[in-house]
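A.B. asks: So you can see what is in the structure, the chains are spelled out below.
There are 2 protein chains.
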Amino acid sequence: MAKAMVKTRGAKGAKRQMPAPKKAAPKRKYVYFFGMGKADGKGDMKDLLGGKGAGLAEMSRLGMPVPAGFTITTEACNEYFENGRKYPQGMWDQVIENLKKVERAMGMKFGDPANPLLVSVRSGAKFSMPGMMDTVLNLGLNRQTLQGLIKKTNNERFAYDAYRRFITMFGSIVMDVDRRKFENVLDEVKKEKGCKEDTDLTADDLKALVDTYKGIYRKETGQDFPEEPMQQLQMAINAVFGSWFGDRAVKYRKIHEISDKLGTACNVQTMVFGNMGDSSGTGVGFTRDPSTGDRHFFAECLINAQGEDVVAGIRTPLHIDELKRRLPRAYKELDTIYKKLEKHYRDMLDIEFTVQEGNLYMLQTRVGKRTAKAALRIALDMVKEKMIDENTALLRIDPAQLDQLLHPMIDPKIDPKTLVMIVQKGLPASPGAAVGKVVFTADEAEEWAGRGEKVILVRPETSPEDIGGMHAAQGILTARGGMTSHAAVVARGMGKCCVAGAGSISIDEEKKVFTIEVKVYDKEKEDFTVKDAIVREGDFITLNGTTGEVILGQAPLIMPELTRDFAIVMKMADKVKKLGVWANADTPKDAATAMKFGAGGIGLCRTEHMFFEPDRIKAVREMILSDDVEGRKSALAKILPMQRGDFLAIFKEMKGLPVTVRLLDPPLHEFLPHTDEELRDLSSSMGVPFDKLKARNKVLHEFNPMLGHRGCRLGITYPEIYEMQVRAIMEAACELKKQKIKVMPEIMVPLVAHVNELARMRKMTIEVARQVQKECKIKVDYHVGTMIEVARAAITADQIATEADFFSFGTNDLTQTTYGLSRDDAGRFLPFYVENGILEEDPFITIDQEGVGQLMKIAVEKGRNAKPGLKIGICGEHGGEPKSVEFCHRIGLNYVSCSPYRIPVAKLAAAQAAIKEKKKGKDLSRATV
Amino acid sequence: MAKAMVKTRGAKGAKRQMPAPKKAAPKRKYVYFFGMGKADGKGDMKDLLGGKGAGLAEMSRLGMPVPAGFTITTEACNEYFENGRKYPQGMWDQVIENLKKVERAMGMKFGDPANPLLVSVRSGAKFSMPGMMDTVLNLGLNRQTLQGLIKKTNNERFAYDAYRRFITMFGSIVMDVDRRKFENVLDEVKKEKGCKEDTDLTADDLKALVDTYKGIYRKETGQDFPEEPMQQLQMAINAVFGSWFGDRAVKYRKIHEISDKLGTACNVQTMVFGNMGDSSGTGVGFTRDPSTGDRHFFAECLINAQGEDVVAGIRTPLHIDELKRRLPRAYKELDTIYKKLEKHYRDMLDIEFTVQEGNLYMLQTRVGKRTAKAALRIALDMVKEKMIDENTALLRIDPAQLDQLLHPMIDPKIDPKTLVMIVQKGLPASPGAAVGKVVFTADEAEEWAGRGEKVILVRPETSPEDIGGMHAAQGILTARGGMTSHAAVVARGMGKCCVAGAGSISIDEEKKVFTIEVKVYDKEKEDFTVKDAIVREGDFITLNGTTGEVILGQAPLIMPELTRDFAIVMKMADKVKKLGVWANADTPKDAATAMKFGAGGIGLCRTEHMFFEPDRIKAVREMILSDDVEGRKSALAKILPMQRGDFLAIFKEMKGLPVTVRLLDPPLHEFLPHTDEELRDLSSSMGVPFDKLKARNKVLHEFNPMLGHRGCRLGITYPEIYEMQVRAIMEAACELKKQKIKVMPEIMVPLVAHVNELARMRKMTIEVARQVQKECKIKVDYHVGTMIEVARAAITADQIATEADFFSFGTNDLTQTTYGLSRDDAGRFLPFYVENGILEEDPFITIDQEGVGQLMKIAVEKGRNAKPGLKIGICGEHGGEPKSVEFCHRIGLNYVSCSPYRIPVAKLAAAQAAIKEKKKGKDLSRATV
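Residue numbers (the numbering used here), protein chains in the order written: chain D, 157 to 1085; chain E, 157 to 1085.
In case anyone wonders, no lab produced these hints; they're calculated from the structure. Being a predicted model, the structure only gives us computed values, none of them experimental. Among these hints, one or two may not hold up.
Note that the list lumps identical chains together, so a pair holds whenever it fits in one copy or between two copies.
[To be verified] Cut-off 35 Å, straight-line C-alpha distance, at most; resulting in silico cross-link-like pairs (DSBU-like, lysine-lysine):
1) 850 to 675
2) 794 to 687
3) 789 to 681
4) 731 to 1072
5) 573 to 687
I would like the entire structure built from these sequences, with the hints used as guidance.
C.D. replies: What follows is the structure in structure tokens.
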């Protein structure tokens, strides 16, 4: 009750904007006791007690055997920093008070030479975090208490072992002494004595070691090892707090978007010993199988050992059945406890325990990490077991994790220290992973693949001539070109892994090598170092198209597997999601994949992809290089039947679902011939002098192609191009309709900045569509809409809506133009920005809600104000990213569109967004009661 | 009263959203009578009666001798088109009614064989507009009325001459018969008869000609020449209305942003004849000198002639004194009238008159066009004469016109048909005009200029090595590069005319020629035709840096002249304007010019310009190509003293006014060496292998440099660059302050998209500034602010404001990124957009208020919400464009900054904005009374 009072007063004071005088402030509770059936805290107090502290409190409340201890709150940590690294007033008194409580509970005394209480000190933030302070065990030992421990345990060796472990941990973790200084001495002693294992050392060996260790400590820190247990405790608490702002922790939080303001709690807990002989032991486990999700206890143990022995890999853990066999009473208790815990938490848990002389003690519990496959299985099983409802099951699955089930991926269990990775990543142009031997030409790719080799095609950049080789390869790596380069677009279309624009690789095509800087883990320095590497034809490399990483050699891959569980979860998601989930699909094959994953339509069908096909590129080039309308028209006449064929096949595949076809978007110069040879070929087929063609080719060069003559600007200045495309779409639609096959074409005009652009293109479209329908003597429904992909379109969406049947956010370009930042060129600063927290996240991966997202919101509001019920979607790559999908749900979009393989991710994210909203609604309604 | 009733009812009806039933609608007045002392209309009814009709009505009201007539309203014209080219109900009846009134007033009858009334029919829109229907004179003539005219005038020759003129005009203007068909016959007859002038032809000659003309009319139109005067009148009215949607008029309106909805009026007026002998005559004039503004009647006349003879240039007009001498009574009346008119209109007027047999008739009056010089003089004189107040005087001067007084310009009186102009314009990179002989290298430019030649330097693009030649040249023309290219930036800094990126010129440096497509007026075709042209070294060309035009040969230039009037007007403007007017100035010379024009500070001092100086570029290149911090630092150490020197000189010049220094902005690769030779030179001086340098040079290439590694992205990734710049600024400031010279540095961070970027740069700036002040032992005030030049900055201005002392809109880049459009690449579509009305105006010339302007408004609101009183300016090129200046005033900016030579324009525009706002305020307060 007192606590509640405090809170209420604080809140009221804040409202009145009157800071309460410091002295008069009621005493704040900084320390929470737990253990042996009681606890001040609870399991839902992770914010205040950290994950570990909350788990210990909850287990105590459940009456489980938790060694007594206390948790110093995250608030105390925050105030510690606010006060310039001083404890908040009253905290230390509460520590002492609670320490007494622990002494009473455990029947021992801290620092008592006769019956010493030893404790462990651990950090415990809300989220577990690398770089945070590790465990310090056996704290409270000194020359005197050591004697007490020896007497109490009647085991000198054990006591000295505990002492030397304590000095090592305290020295390295609290005082930052290089741990190897201690280990080297240990190794020497073992060598000298001819011992193999630590356990072979005698009490005397260890006794000597303790003295040496104290010397090392003195030499490295300039002070004596602290004898006073209270001083030890204070120093350890300071180290826990201090580690919150350690470099690694700060960096980790920035990367993972964890606020600096959370703070860490500090757990001080009575030591229990798993290494007090054969009736003792230690173990860790999961309440279900974390890799398959199967419902069985998945745990390991060690007899006569401490937890750190497992972590250090000094001994190999045994199957949990060993515990059952050797310590059946403890095992039975554990069995009851883990089941009770799982039922209580209604989730799969990760637990730690120790058995001291036959008595079981629980040391930790938390929600267990799991593979995607396990996540599905566990969620579904728990629904069946009526532990959770379907919505909870859906929320339990991490959408991003689903990728594991959809693409080959590099085994996440692999230790990055074992990989040789290039320093400067390329662009994650097409997701998945691939391993293969390096080849440098498309022909070789086909040839090698023909004889059964797996190859990675490495090119400065690709062109339509390389399509065959790209097909044959496992993956594609290019040195130049961005997310919309030929390689990227084609690879995504093929569903093939691609890393593009890896600008730091330097290719020598003649010598068939490329050179590159790589980072290699140097065990000596305990850090990565940079080296130059040469990769030759035939060498293995591994691409990670999801991250843009390139690894030399063969990294282990995990292959995708679509289970029945997956299908069930998708069905559950479909039931609750509000957003439509459509696919970006440029080919009939893409469309088929999209249908397989249950797409609601095609949100983006890029027509330029079709232009890249090798049999078409020549006609396209003829068109571009013609300097009059007639020349363009005659070239376009050759392309028309091909485009019509494309649309026919895609429409057919989609069975009447909407297919959003984007008219030609990229700058014409992307299609230009690269070599004089190609130009000469065109020159003869077009009957235009080579010099003239070459000059025109040069004129078409653009300074900033992203901001150049592209999108509807092409359609407006060369209307014959879009006319041909609209004709192809409508002819295909009419033909299918005649065959009684349903079609729903949605014609999308790209890069509109001003309503007049769209008005003009809409008029043209309607006119051509009218003509085609008249010629075909059949009526076909269709819509005309636009991309919203520049700020001006967003800000004038009310005007644009008057000419649009639908909007589709092109968030890739919208992000680029809103930031004034080209993704292709951002490699030299964007990674730095993200690493240094200048941008919290890469805005090309997840929508920048504050900037780009605000423009989207404005566009939605203005667009729907002008035209209520306007259909609005998104077709940028964000359409398949969970956080962005949630944002799209919140701002009221009708659908997201993403690459076919992202559909499951998007569906799950959409379902979660709907569930969260519903929950929020409930919370709100409760709040207003 | 009835009219007022109609209006009131209409308005109320509209408010109630209930369309009044058509039948019950009160009769609308479509036709307004004027003449001989009375008029239905007034001078302020230009919207309804057009400029000409309003002028005729006003003169009638003033009791001046205006031949009676009537004006058919613009509303009638609009309804005519709404009704599918049918007259609105009742209009024709009103025409007939008013024609009767005219007959009564003039004592003649339309179509009466004995006493025929003849009329002129003219279009008359609110704004005079090329492409609108010209005058048809003598309408009402036919076989019968001709005889009446002969009898009445007793002059057969005059009557037949009038008839053949009528047929020519009616045929060509109303029926679109090629005028030359008539003229050719006339020429043949004259040749046949051995006559030189039309006046030499006899009555019989003309009689025969009339028959031939009627034959031509029949042949060309397929119908007989209309005999019925009422039919003639109807056809002429139709032609006037029809010309409103003629191609030329539509295009003109689009270009000049005149709404299609204005419509044209049609004026039908009694003919008076200046060609009835020596007591008759005609003339045009201005009430003051339109080119100097001097206060004297500036008019010309012809005796025994019709107005069209003056227009056709058949006879040379005489000084108005000739009228005084020969027709003193008419002259005296004219003298009284023009003075009365000017007093009435309180402006300089343009008038037209005719004297028929000694009687003066006024045919037109309107506000007269004038040169900038005259505009100033007239406005100031009228203030002195107490005709107008100072505010009105300021509103009378067109700010855009002031440019005439500030730069050399191509004489606007030149007929474009006489010029040979290149077809595809370049970019208007630096304003003004220049004439000179073509040279192709900087060395030659210096050499030729050294011997007194005026030269234009023509280069593919310029580089720092060309500075000397650029100085020596009159102007610079480049084939590549945009508005921010080296040539453009340097030329603007030098105040030198430059046309950049004229991509259609093809330079052969070896042969010293360039080839280009030009347009030449073809008199035969009466249109421009395109030809290829070759320009050799030594050929004259003329550049128009204000428009981007290039003209072969020497076009006549007008030189600038700064008068006392100019200074007085500037003082008047300073008194009323609210906006500060600052200058963009990169050099001490710019700063001096800015001070001369009364700049309030420097709003943009670009530091990259300083980097381009030839003695520095090498150090800059060393810096860029260093691949480590140390290399960069050592190169920067060389640049530091130079930059400090720059700032010292500029600060000194500005005498304590704020100097806004923008830290380095452009992509580093703009500074890169272009040739292997330059690279080799650097290689040896840097001691870095050539290959390595070359590779690094290649890596620095960007796909979209505009969106690349530039602005604060450089400052963040290579902090040593900005640190050096801040140090240079602060060291200069401290040194001057020690000398008791006032300084006010404002440090501006470019291309901020996220508040974190600015926060980081601000922190760095404050730290360096602190160090420098400590070293110098002196305190200097300074501010740190940011450009707002990408949409994200505008939309998150509330966040950014927390880290900024000021904002400055970079509307060039803001426009580019908001549209997603690079100015350098827009040449292939932006002109088309503007010509075809897709964009009403080029958004790089005047701010796009709907799009870019909305973002600016959002930024101002959010910025000042977060930080009330935040100083906000603009430093894009729009800062000197009158409409944009007005917009900046309206949205509450503190200042505009423009190139020094634009300051007067900006000041005047700012003053006008303030006056207009005040007026509006008055109007509003009146409205609320």
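A.B. asks: How would you label the pair residue 573, residue 687 (within, between, both, or neither) given a Cα cut-off of 35 Å?
C.D. replies: Within one copy only: 15 Å inside, 68 Å across.
A.B. asks: When no copy is specified for residue 789 and residue 681, does a C-alpha distance of 35 Å or less occur within a copy, between copies, both, or neither?
C.D. replies: Close across copies (28 Å), not inside one copy (66 Å); limit 35 Å.
A.B. asks: How would you label the pair residue 731, residue 1072 (within, between, both, or neither) given a Cα cut-off of 35 Å?
C.D. replies: Intra 15 Å, inter 61 Å, cutoff 35 Å: intra-copy only.
A.B. asks: At most 35 Å between CA atoms: does that hold for residue 850 and residue 675 within a copy, between copies, both, or neither?
C.D. replies: between (43 Å within a copy, 24 Å between copies)
A.B. asks: With identical chains treated as interchangeable, where does the CA-CA distance between residue 794 and residue 687 reach 35 Å or less: within a copy, between copies, both, or neither?
C.D. replies: Only across copies: residue 794 and residue 687 sit 32 Å apart there, 52 Å inside one copy, limit 35 Å.
When each numbered hint is compared with the structure, no violation occurs for any of them.
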